[in-house]
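Line by line, the protein sequences are chains G and U.
Each residue of the first sequence is one higher than the one before, counting from 1 in the working numbering.
Each residue of the second sequence is one higher than the one before, counting from 255 in the working numbering.
Take these hints with a grain of salt, some might be off.
As a list, the in silico BS3-like pairs of lysine-lysine whose alpha-carbon atoms are at most 27 Å apart [claimed, not checked]:
| hint | chain 1 | residue 1 | chain 2 | residue 2 |
| --- | --- | --- | --- | --- |
| 1 | U | K535 | U | K479 |
| 2 | G | K34 | G | K182 |
| 3 | G | K182 | G | K220 |
| 4 | G | K66 | G | K34 |
| 5 | U | K416 | G | K127 |
| 6 | U | K479 | G | K127 |
| 7 | G | K220 | U | K278 |
| 8 | U | K352 | G | K23 |
| 9 | U | K300 | U | K352 |
| 10 | G | K220 | U | K352 |
| 11 | G | K79 | G | K34 |
| 12 | U | K300 | U | K535 |
| 13 | U | K535 | U | K416 |
| 14 | U | K346 | U | K300 |
| 15 | G | K79 | U | K416 |
| 16 | G | K66 | G | K192 |
| 17 | G | K182 | G | K79 |
| 18 | U | K300 | U | K348 |
| 19 | U | K348 | G | K220 |
| 20 | U | K398 | U | K278 |
| 21 | U | K278 | G | K23 |
| 22 | G | K64 | U | K346 |
| 23 | G | K220 | G | K23 |
| 24 | U | K346 | G | K23 |
| 25 | G | K79 | U | K398 |
| 26 | G | K64 | U | K348 |
| 27 | G | K127 | G | K192 |
| 28 | G | K79 | G | K127 |
| 29 | G | K64 | G | K127 |
The set of hints was computed from the structure by calculation and includes no laboratory data.
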Amino acid sequence: MESINYQNFRIDAENICVDYNGKVALYDANLRLKPGQICGLVGMNGAGKTTFFNALTGFVNISKGKIRINGESVRSAQKDQTIAYVPQSEGIDSQFPINVWDVVMMGRYGSMNIFRCPRESDVHAVKDAIERVDLTDHLSTPIGNLSGGQRKRTFLARAIAQRASILLLDEPFSGVDIRTEKLISELFIQFKNEGKTILLSTHDMIHVREFCDLVLLINKTVVAYGETSEVFTPENITTTFGGISPDFLFGPES
Amino acid sequence: MELCSFLTLDSFITDPLTHDFMRKALLMSSLVAAVCGFLSSYLTLKGWALMGDAVSHSVMPGVVVAYALGLPFSLGAFIFGVGSVALIGFIKQKSRVKEDTVIGLVFTGFFALGIVLVSKIKSNIDLHSILFGSPLGISLSDVKQTIFISFLVVILLSIFRKDLMLYCFDPRHAKTVGINVLFLHYLLLTCLSLAAVVGLQSVGIILVVAMLITPGATAYLLTDKFDNMTIISVLSAIISSLIGIYISFWFDLETGGSIVLAQTFIFLFAFLFAPRYGIFKLKKFFAGYK
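Based on the provided sequences and hints, a complete structural model is requested.
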């Protein structure tokens, strides 16, 4: 058997399959990401993007294949707070009675004692994270009173507070204002320099070209994977989106 | 005659307290209300109202069987409560029938089984007290059991307070940071079954679901902080219990029904006049006329 040093990869998913009660959602999917890489996950609705995230976080079990996170199992990655998940806006109940501070503090729960009493270091991490997403003025604002962009930043702060080395972001740019978009893109550059690995799903093709070193095109399985400049071609995109021309997706080439 | 003494507020409150059964009813119902109110804020946020309905009805055959076998009735109720949820999950997974249909189907089946069992097992089970509660006729062993279960539930909920909140809010994040989500799921279910058991003593099996959802719904309209929501929920549940029992004493009304009606009125009040989320949004009203 060939020997690969799995430590080199932050994420190493090999031939993973996921099915829900016999219905296949994802099959034979592969992904390898190193520290400091930003990878875009592109596909239609129902192509398995969220399923891919769920598999990496251990929220669903894979029926075949292998996932290594920093060379270890998903279970130990959970214990080590290695992965942070930033949900898409529709994925959370915005009317939940909770404020910005408490949401961000949830990023620290995994490393606290059973009663989840914040230590000084936790308070510090939360403060710091909220500062980085520029929400210091909204510490005790209920999330229901935030704008879409502010809410997105709150969950980004939670991921920062968690001090995870891998960030999974589900549609980070959907429904956000210009200011938030700018802030998120600045943070991406910082994360990259800190050696974090980012996997983000997006509908917006322009963002892929702008931020992603790598791109993973999926439609139940991997259609194409590699450097954005090589893989993100009109042909591949058309295949991914089931024959819809990229002109339709991007608007006509200018 | 009663109406004469009713004229002074003082005797309205103190007269019933001279009866031993009333003191016991007030204490027990407050305790039960506190437990159900505490749990209520989680169920409301998790969207488990229907689940609460299902579990509370499904405990019926468990109660009957336990009585017949001379076991503590909380044990039987617990087994059937959790069993019903397991069955709902199983049928949902193995068939194409939608979840709310499955829930309705399973709990009515269990409930019917309970009623049939009561009619078959000729014992001293009082169907009326199971269906409508009997806080005034609570026995000493029931008191002990209620206190034990209540404290158990309150301790469990207090320990896992924050984890359960996270579980209701964002289970995916909980899982991602290594929190045992399956454990929390069953913990909440267990507490639900136990709360249904103690709740049915004061308001009966049919109305116990009100104890499990109304206080939480009321509190949800009144605050944007989870901790406050829990406190308001517990307080409104206790106050409704006290009001309900007093009203039923003075006007000779069904106790369980009176307690739930009191809860409903408090909810309606919040629905209409809650500062931010009420129909008449008092805060905005005053702000507009500054």
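Take the C-alpha atoms of K300(U) and K348(U), compute the straight-line distance between them, and say whether it is at most 27 Å.
24 Å, holds
Just to be careful, I want the Cα atoms of K79(G) and K398(U) compared with a cutoff of 27 Å; is the pair within it?
41 Å, violated
Is the straight-line distance between the alpha-carbon of K127(G) and that of K192(G) 27 Å or less?
22 Å, holds
Under the criterion that the straight-line Cα-Cα distance not exceed 27 Å, is the pair K416(U), K127(G) satisfied?
Roughly 19 Å separates the two Cα atoms, so the pair holds.
Can the restraint linking K535(U) and K479(U) be considered satisfied, given a maximum Cα separation of 27 Å?
18 Å, holds
Regarding the pair K220(G) and K23(G), is the alpha-carbon distance no greater than 27 Å?
11 Å, holds
Tell me if the straight-line CA distance from K182(G) to K220(G) falls inside 27 Å.
Cα-Cα ~32 Å, so violated.
Do the alpha carbons of K346(U) and K300(U) lie within 27 Å of each other, as the hint requires?
19 Å, holds
Verify the proposed pairing of K398(U) with K278(U), using a straight-line Cα cut of 27 Å.
12 Å, holds
Has the given pair, K64(G) with K127(G), been kept, meaning a C-alpha gap of at most 27 Å?
41 Å, violated
Would you check the hint for K346(U) and K23(G), treating anything up to 27 Å between C-alpha atoms as holding?
The given pair, whose Cα atoms are some 15 Å apart, holds under the 27 Å limit.
Regarding the pair K300(U) and K352(U), is the alpha-carbon distance no greater than 27 Å?
19 Å, holds
The structure is inconsistent with the numbered hints 3, 7, 13, 17, 21, 25 and 29, although it conforms to all the rest.
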